[in-house]
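Enquirer: Each chain is listed here by its residues.
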Amino acid sequence: MAALGSPLRALRGLLRELRLASGPPGRPYRDTAAYRHLLAAFRAHRVTSEKLCRAQQELHFQAATYLCLLRSVRHLAALHHEYHGRGERSPEEVAGLVGFRLPQQPGGKG
Amino acid sequence: ISQGEGGFEINLDHRKLKTPQAKLFAVPSEALAIAVATEWDSQKDTIKFYTMHLTTLCNTALDNPTQRSKGQLIRAAVKFLETDTVCYRVEEPAALAELQKNEWDPIVAWAEKRYNVAIGSSTSIMGPNIPASTRDTFISHLASYNMWALQGIEYVITQLKSLILSMGLIDRHITVEKAVLLSRLEEEYQIQRWGKVEWAHDYDLCELRARAAAGTLFVHLCSESSTVKHKLLQD
Numbered sequence: 007m008a009a010l011g012s013p014l015r016a017l018r019g020l021l022r023e024l025r026l027a028s029g030p031p032g033r034p035y036r037d038t039a040a041y042r043h044l045l046a047a048f049r050a051h052r053v054t055s056e057k058l059c060r061a062q063q064e065l066h067f068q069a070a071t072y073l074c075l076l077r078s079v080r081h082l083a084a085l086h087h088e089y090h091g092r093g094e095r096s097p098e099e100v101a102g103l104v105g106f107r108l109p110q111q112p113g114g115k116g
Numbered sequence: 057i058s059q060g061e062g063g064f065e066i067n068l069d070h071r072k073l074k075t076p077q078a079k080l081f082a083v084p085s086e087a088l089a090i091a092v093a094t095e096w097d098s099q100k101d102t103i104k105f106y107t108m109h110l111t112t113l114c115n116t117a118l119d120n121p122t123q124r125s126k127g128q129l130i131r132a133a134v135k136f137l138e139t140d141t142v143c144y145r146v147e148e149p150a151a152l153a154e155l156q157k158n159e160w161d162p163i164v165a166w167a168e169k170r171y172n173v174a175i176g177s178s179t180s181i182m183g184p185n186i187p188a189s190t191r192d193t194f195i196s197h198l199a200s201y202n203m204w205a206l207q208g209i210e211y212v213i214t215q216l217k218s219l220i221l222s223m224g225l226i227d228r229h230i231t232v233e234k235a236v237l238l239s240r241l242e243e244e245y246q247i248q249r250w251g252k253v254e255w256a257h258d259y260d261l262c263e264l265r266a267r268a269a270a271g272t273l274f275v276h277l278c279s280e281s282s283t284v285k286h287k288l289l290q291d
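Protein chains in written order, with this note's numbering: chain F, 7 to 116; chain D, 57 to 291.
These aren't lab readings, by the way, just hints derived from the structure by calculation. Accuracy of the hints is not assured; some may be wrong.
Just some of the chain D residues that point at chain F, by a computed CB distance under 8 angstroms [to be verified]:
#1 ILE90
#2 ARG228
#3 VAL232
#4 ASP258
#5 ALA270
#6 LEU273
Pair by pair, the computed Cβ-Cβ distance ranges are [said to hold, decoys possible]:
#7 F:GLU88 / D:GLU168: 37 to 47 angstroms
#8 D:ALA132 / F:ARG18: 35 to 45 angstroms
#9 F:ARG42 / D:GLN128: 33 to 43 angstroms
#10 F:LEU26 / D:ALA174: 42 to 52 angstroms
#11 D:GLU243 / F:ALA46: 33 to 43 angstroms
#12 F:ALA84 / D:LYS169: 38 to 48 angstroms
The beta carbon of each residue, even a glycine, is placed where N, CA and C say it ideally should be.
Could you put together the complete structure from these sequences and hints?
Expert: What follows is the structure, given as structure tokens:
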């Protein structure tokens with residue numbers, strides 16, 4: 007299936023998506039199970055020399071499918087954030103809109 | 057991720073993940089568990105369930121909220137053939153009819169050849185007339201999938217509104233992007249004519265892609281055979 011592009015591109019795309027998706031904990035994305043699993047799977051299949059290796063094709067298709075999933079979920083989240091309501095404004099922002107400032111309370115709010 | 061009795065479980069901050077019906081979350085495939093864990097990992101300040109399609113699919117498979125049996129799932133899936141998108145053709149505008157012919161005919165032909173059935177397309181409101189033998193062929197083919205995979209299959213069919221496109225995905229004949237394109241053929245045609253509204257069209261496109269991709273991946277991960285290749289590597 008030429009439409010899939012090379013497996014290497016799929017792997018690179020996947021690793022990039024994982025990097026973008028990894029959360030704030032700041033744990034390097036290389037540490038995650040998904041990263042390790044992907045690399046191990048791709049390495050294992052690189053060794054076979056058969057061009058028509060079915061498992062290789064399966065893996066390639068799965069990788070492309072997963073890549074599509076991660077990419078579209080990321081786009082979806084971005085679109086949602088941009089277009090679908092940032093929620094209500096906080097009281098500070100509302101006050102700022104009309105030029106007021108909220109009173110400062112040294113001890114913080116009760 | 058840890059391996060438990062019923063399959064692979066997910067640990068969230070030292071607690072085991074549970075389904076909406078409070079059952080223990082266990083999946084049959086390690087790759088699937090890793091993918092679900094990744095979905096949870098990528099949630100930042102807020103948990104956005106609408107981005108966690110694999111988790112949703114697993115929960116549906118585990119809880120089976122509609123309480124359907126395997127037979128009912130299969131029947132529902134095959135029933136979709138009667139209203140399959142790629143079989144429903146318009147007569148005008150001519151450009152759209154032509155586009156449908158060029159894009160949808162090959163996939164229908166592929167399905168007919170692959171499964172040795174007759175499907176055909178139709179321009180009438182009633183849709184194509186699907187012979188019983190075709191229905192039976194698909195029923196027996198779908199019966200070869202396990203319950204989890206069937207949930208996934210039915211999900212993809214409902215999203216793409218087409219049994220044929222879903223089978224194309226399951227059999228790895230077309231990519232997710234292509235299947236979504238074919239499913240949205242009329243919309244894409246209108247977009248080209250009238251222009252695109254980003255916040256609606258792109259959103260729908262990404263949503264459909266995400267769901268179709270999740271469903272397809274889910275089906276494949278639930279029906280894959282174990283790593284047979286390792287034996288060859290040791291030679």
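Enquirer: Does each hint hold? Answer for all of them.
Expert: Hints, one by one, checked against the model:
Using the Cβ-Cβ criterion of 8 angstroms, the hint placing ILE90 of chain D at the interface with chain F is satisfied: the shortest such distance is roughly 5 angstroms. Interface hint status for ARG228 of chain D: upheld, as the beta-carbon distance to the closest one in chain F is roughly 5 angstroms, under 8 angstroms. Interface restraint check for VAL232 of chain D: the shortest CB-CB distance to chain F comes to about 5 angstroms, inside 8 angstroms, so the restraint holds. Interface hint status for ASP258 of chain D: upheld, as the beta-carbon distance to the closest one in chain F is roughly 6 angstroms, under 8 angstroms.
Hint status for ALA270 of chain D: holds, given a least beta-carbon distance of 5 angstroms to chain F, under 8 angstroms. Evaluation of the LEU273 of chain D hint against chain F yields a held restraint, the C-beta minimum of about 5 angstroms falling below 8 angstroms. Checked against the hint of 37 to 47 angstroms, the pair GLU88 of chain F and GLU168 of chain D passes, with Cβ atoms roughly 43 angstroms apart. As the Cβ distance of ALA132 of chain D to ARG18 of chain F is approximately 39 angstroms, the hint placing it in 35 to 45 angstroms holds.
A hinted range of 33 to 43 angstroms for the beta carbons of ARG42 of chain F and GLN128 of chain D is consistent with their spacing of about 39 angstroms. Checked against the given bound of 42 to 52 angstroms, the beta carbons of LEU26 of chain F and ALA174 of chain D, roughly 46 angstroms apart, stay inside it. Checked against the hint of 33 to 43 angstroms, the pair GLU243 of chain D and ALA46 of chain F passes, with Cβ atoms roughly 40 angstroms apart. As the Cβ distance of ALA84 of chain F to LYS169 of chain D is approximately 41 angstroms, the hint placing it in 38 to 48 angstroms holds.
Violated hints are absent here; each numbered hint is respected by the structure.
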